[in-house]
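Enquirer: Those sequence lines, one after another, are chains A and B. Going by my numbering, the first sequence opens with residue 1, and the numbers climb by one from there. Going by my numbering, the second sequence opens with residue 1, and the numbers climb by one from there.
One or more of the hints may lead you astray.
Pairwise CB distance ranges (calculated) [as the list claims (entries may be wrong)]:
#  : chain 1 : residue 1 : chain 2 : residue 2 : range
1  : A       : Ala61     : B       : Asp64     : 24 to 34 Å
2  : B       : Ser69     : A       : Leu77     : 50 to 60 Å
3  : B       : Arg107    : A       : Gly92     : 37 to 47 Å
4  : A       : Ala29     : B       : Ile70     : 57 to 67 Å
5  : A       : Ala139    : B       : Ser138    : 29 to 39 Å
6  : A       : Phe212    : B       : Pro169    : 20 to 30 Å
7  : A       : Ile91     : B       : Ser138    : 57 to 67 Å
8  : A       : Leu70     : B       : Gln54     : 32 to 42 Å
9  : A       : Ser140    : B       : Arg217    : 39 to 49 Å
10 : B       : Ile70     : A       : Leu217    : 42 to 52 Å
11 : A       : Ser138    : B       : Ala119    : 46 to 56 Å
12 : A       : Leu214    : B       : Asp64     : 36 to 46 Å
If you are wondering where the hints come from, they were derived from the structure by calculation, not from laboratory data. None of these values were measured; they are calculated from a predicted model. The C-beta atom is built at its ideal place from N, Cα and C for all residues, glycine as well.
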Amino acid sequence: MQDILDILRDYGLLLAVGQFPDGPIGGLALTLILAVTGLTVSFPLSVLIGVGRTSHHPAIAWTCTAFVTLVRALPLLMLIFWAYFVVPLIIGRTVSALTTVICALVVYETAYLAEVVRAAILALPKGQTEASRSLGLSASQTLRDVILPQALFNAIPSILNQFISLVKNTSVAYIISVSELTYSAYQINAQLMTKPLQVYLILAAIYFIICFSLSRLVRLVEKRIDASRKAPVAAGSAA
Amino acid sequence: MIVFDKVEKWYGSFHALKDVCETVAAGEVVVVCGPSGSGKSTLIRTVNRLEPIQGGRIAIDGRDIHGPSIDVNELRSHIGFVFQQFNLFPHLSVARNVMLAPMRVHRMPEKAAREAALALLDKVGLAHKADEFPPRLSGGQQQRVAIARALAMKPPVMLFDEPTSALDPELVGEVLTVMKQLAAEGMTMVCVTHEMGFAREVADRVIFMDAGAVLERAKPEDFFLRPQHPRATKFVSDIRHA
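In isolation and in its complexed conformation, chain A is listed as follows (with noise of 0.2 Å):
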């Protein structure tokens, strides 16, 4: 116990933010950094690609079939080496590390959105596409205006999750020595030489804190969620 909070002690400042503000930020800071920005360029990435999934033109739903397929059946860790040869082929220049796996995440994650996507428009009922292409609205406003906000609000404790998901494979990154969290972690291991366990005890404690955390608030949601159906009052009021 001692010898983990000297560690804290020692280098939790390292764990936390990295070499920030002398150097580079990284450690916890950077995971979440990245999580966050997975998240946020993936989105908008994973609607794109779930609702194409659901078109009825053939050629675009082939597409975006293909796309998820294949990136699901591959390892993250081989999509970041992927990344690693190929984003410099496609652009003509070499990238930094951390933009490598930024991208790897990024196509990782939009696959599995997408099919979360998919599915809260698949699972609306089928009579609120038809009322409203009934009242003359086209497929692409019955999209915006019907479908997409009832299938992404009904998802969020599914994106949620996925962003736990996304927390935890961050940690790959360390594979192509981004410092973030694992990597940092590694450091000091490599430093001590002699206390693997206590080091890797409190990796594995930072991880499990933050994905409890947000699995707490996903449920947090998903019962906020089940009222607002209920009574859905809270929204209402200044509609």
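Add chain B to chain A, keeping to what the hints say.
Expert: Showing chain B alone in chain A's frame:
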């Protein structure tokens, strides 16, 4: 106004509509009835192209609506459709449900759309619920909002697909009252319904369907008192005892 000419509809190998020939005149109120699975809902769903047809022709004011040159969104904006399950948009307020189509399809400014919506809600007796959300309303209220929503596009014809079948018995009356009022104003209406009282009071004609075919057409009093076809006789006696 609406002409069905030898309409044929298949779901795979199931023959859902068989050689349906029918004419609905402007201002006419036609009630379509028949046992479940007889094709009556399918029939009115072909009129706004929620269902495609495989043979024959449906014309509205002389235009072949299943023809290739028809803009389906434009077509549907001129046909009011009321569903059994209401299908209100639960994420939008009652007023917004009514305003949506005029604002999106006719590009009506928000203020004018809201005024028009409030007038329609007043007509169905629900102006005081304008800023409520649909799940907070009773079934009867929801269906009246759905009627107001359809009327917002000022359609010359309204189609009703079992509008009272999903309602508790005590809520049926308020919806029928609105429908009767519409009929009295001269709206062309095609209603799939088993409400005998409604049919006798406002319908100009009753069409009886079974197994995808129109078996009988008659004035409401004749149909309910003296049905001709044996299956119509059985149907009328069944709904009397229901």
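Enquirer: For each hint, tell me whether it holds in the structure or not.
Expert: Hints and how they fare:
| no. | hint | in the structure |
| --- | --- | --- |
| 1 | A:Ala61 - B:Asp64: 24 to 34 Å | holds (30 Å) |
| 2 | B:Ser69 - A:Leu77: 50 to 60 Å | holds (55 Å) |
| 3 | B:Arg107 - A:Gly92: 37 to 47 Å | holds (46 Å) |
| 4 | A:Ala29 - B:Ile70: 57 to 67 Å | holds (59 Å) |
| 5 | A:Ala139 - B:Ser138: 29 to 39 Å | holds (32 Å) |
| 6 | A:Phe212 - B:Pro169: 20 to 30 Å | violated (51 Å) |
| 7 | A:Ile91 - B:Ser138: 57 to 67 Å | holds (60 Å) |
| 8 | A:Leu70 - B:Gln54: 32 to 42 Å | holds (38 Å) |
| 9 | A:Ser140 - B:Arg217: 39 to 49 Å | holds (41 Å) |
| 10 | B:Ile70 - A:Leu217: 42 to 52 Å | holds (50 Å) |
| 11 | A:Ser138 - B:Ala119: 46 to 56 Å | violated (26 Å) |
| 12 | A:Leu214 - B:Asp64: 36 to 46 Å | violated (57 Å) |
Of the numbered hints stated above, those contradicted by the structure are hints 6, 11, 12, listed in ascending order.
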